[in-house]
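All chains should be built: construct the whole structure from the sequences, respecting the hints.
2 protein chains.
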Amino acid sequence: MDQVGLALVEAVGPVEALRIAVGEHSLEGHHLAPGGVAALAAGRERWRPRAGSLAPDRDLETLARFGGRLVVPEDAEWPEALGALGGDAPLCLWVRGEEPLPAMDRAAAVVGSRDATGYGLSAAGEIAKGLADRGVTVVSGGAYGIDGQAHRAALASSSPAVPTVAVMAGGVDRYYPSGHEDLLREIARRGLMVSELPPGASPTKHRFLKRNRLIAALTALTVVVEARWRSGALSTARRAMELGRHVAAVPGSVYSANSAGCHRLLREGALCVTDDQEAYELIAPAGQGLAEEHRGVTAAHDGLSLVDLMLLDALPARRGAEVESLARTAGLSEAEVRAGLGRLALMGMCGRTSGGWRRTDQK
Amino acid sequence: MDQVGLALVEAVGPVEALRIAVGEHSLEGHHLAPGGVAALAAGRERWRPRAGSLAPDRDLETLARFGGRLVVPEDAEWPEALGALGGDAPLCLWVRGEEPLPAMDRAAAVVGSRDATGYGLSAAGEIAKGLADRGVTVVSGGAYGIDGQAHRAALASSSPAVPTVAVMAGGVDRYYPSGHEDLLREIARRGLMVSELPPGASPTKHRFLKRNRLIAALTALTVVVEARWRSGALSTARRAMELGRHVAAVPGSVYSANSAGCHRLLREGALCVTDDQEAYELIAPAGQGLAEEHRGVTAAHDGLSLVDLMLLDALPARRGAEVESLARTAGLSEAEVRAGLGRLALMGMCGRTSGGWRRTDQK
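Protein chains in written order, with our numbering: chain A, 1 to 363; chain B, 1 to 363.
Keep in mind the hints are simulated off the structure, nothing from the lab. Given the structure is predicted, the values throughout are model-derived calculations rather than measurements. Be aware that a few hints might be false.
Computed beta-carbon distance windows for the label pairs [as the list claims (entries may be wrong)]:
#, chain 1, residue 1, chain 2, residue 2, range
1, B, W78, A, D115, 53 to 59 Å
2, A, D105, B, L6, 51 to 57 Å
3, A, E61, B, S354, 37 to 43 Å
By construction, the Cβ of each residue, glycine as well, lies at the ideal position given by its N, Cα and C atoms.
This is the structure:
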């Protein structure tokens with residue numbers, strides 16, 4: 001943000017600041033430090049080339065036509081979470097769509113490369129859909145690749161929560177990228193398009209970087225699905241880390257350049273998530289979402305004592321063995337073997353045949 | 001380990017302990033606490049089934065035939081690193097091969113699943129070869145899959161250091177698994193086979209688990225390349241974590257069951273490594289191996305000031321633009337634009353054409 005403009009807004013409020021900035025009003029009646037006067041003069045010099053095109057009334061009209069609204073910090077709807085940005089917080093949010101802005105702790109960013117692979121698209125879709133199904137709003141940047149996939153997957157959820165929010169680098173009346181016009185229209189219809197810039201503003205590289213801080217600040221968790229070694233998604237993740245939010249990365253092949261940025265994040269402290277359940281656990285309210293060991297197939301011998309495990313090792317699978325032989329093989333006393341055989345037999349792990357004791361078939 | 005046996009060895013030394021254990025000598029002349037006497041009686045009961053087959057002289061002869069040696073804690077060669085295991089340290093190491101045991105800080109474990117994929121084999125090979133090339137001894141368990149690949153790749157290095165050490169769950173005279181007989185012979189010839197068990201001991205599930213602690217303790221770093229959700233490699237990694245050693249995991253597809261264990265480790269605090277360079281950095285002596293950002297292709301605009309970046313965004317790629325128009329587009333004063341154009345032109349990033357200023361083609 002323009003620091004001088006920001007200071008001016010803080011000193012005199014947004015409406016008066018605009019009038020002073022464009023030269024309609026003077027500073028008379030306002031108390032500014034001597035340094036402030038000089039800075040303001042420089043600011044006016046900088047703003048002059050664009051002052052003529054400022055037309056906030058027209059911007060509001062444009063927004064209204066699109067079914068949108070302007071949200072300012074004084075509004076009840078203003079996301080408190082943006083306060084974490086301090087002096088870097090936006091002055092306002094231009095919002096398109098009818099839904100309310102989601103609370104930070106029910107919002108997760110799913111972001112990544114534009115040139116995603118099928119692998120990344122698949123992972124992004126599963127994670128975004130799974131989060132939306134659990135009532136978490138999926139926030140992303142509306143771009144091709146991972147972003148678009150995350151929005152689409154969230155829209156496919158039938159959860160009653162706001163499915164998805166696209167935070168734009170330009171105005172919310174702009175469909176950027178143009179190939180996402182239909183997708184962005186659908187997001188505006190069932191979710192929200194959000195920007196700190198007024199209608200008509202076009203996205204620039206600088207604005208994409210600035211935009212990323214909003215994605216980070218509006219959410220409790222940022223998941224990077226695929227990202228190259230240098231990727232805008234990394235800037236979102238790093239801002240989220242600075243803000244103390246959860247940051248996760250999806251791993252991939254070490255031979256995929258599209259995962260190199262994710263692995264870089266994992267090395268920088270991001271959490272490894274491989275599915276929607278693991279992502280949800282990071283932001284689930286206390287006591288919810290704590291997964292059972294969901295991939296764990298419990299092996300039959302889990303939890304056996306060391307003695308029983310040694311005995312199990314010693315038990316032959318085919319021909320039976322007598323206690324004396326088992327004791328020799330396992331390195332246990334005959335008394336220990338007898339007691340262990342009893343325990344294992346109770347668990348159905350061994351049995352007595354005509355030739356002696358043997359282990360029972362288990363998978 | 002057998003705690004009673006261990007206490008006996010500590011109290012009277014290994015040779016006398018053996019004589020007492022098998023009943024050749026009595027406890028006369030040795031001072032034991034009352035509890036110790038009872039424990040020893042129980043221990044003798046437990047040891048009796050196998051006492052008859054104990055024949056240390058024969059074991060040493062067998063080992064000598066294989067060109068091996070017995071290393072005990074009193075030897076200069078004894079790895080100090082095993083002290084980290086405390087009471088769980090081995091009593092001795094049966095070593096086959098002529099090379100000296102490598103120092104812990106020049107040894108790394110590369111371990112993983114037996115049923116490895118082509119992806120895992122490839123990653124294991126590259127990491128093991130790269131570590132061996134840097135003079136790091138690759139320690140593994142001699143098994144099929146990742147272990148075998150790590151040994152093979154290390155043997156392919158032409159570094160003068162000991163290329164690889166196989167830590168066995170049975171005796172060093174046993175080729176287990178049998179399909180690795182040639183590989184294990186080669187490891188014994190150019191590296192080392194190591195076991196805490198005497199020749200003839202056969203590997204059991206219990207012994208594999210015990211063996212893993214040696215792999216963890218003998219090395220400064222454990223790299224898990226591929227592992228299922230439940231895998232012996234995870235036990236090695238966890239022991240290494242407990243010992244305060246570096247633990248790393250190689251990421252893979254979230255859809256590969258063979259990487260699920262690695263991702264689990266990453267969630268438990270293992271470091272993410274994607275190649276040999278990253279693995280080596282973890283154990284490189286201070287000042288060595290600190291990689292340049294090895295995948296980083298520096299973008300031309302890296303390091304530009306915010307003003308210059310905003311100006312660069314505003315500069316058209318084709319038809320030129322005048323200062324006034326650039327100031328309006330970039331949101332800068334005309335003075336800032338003029339100064340910025342000078343800086344960017346110096347860096348070859350913009351130029352003046354007949355129609356005004358435009359950015360210069362960059363990759």
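Item to complete: Determine which of the earlier numbered hints do not hold for this structure and return their numbers in increasing order.
Response: none
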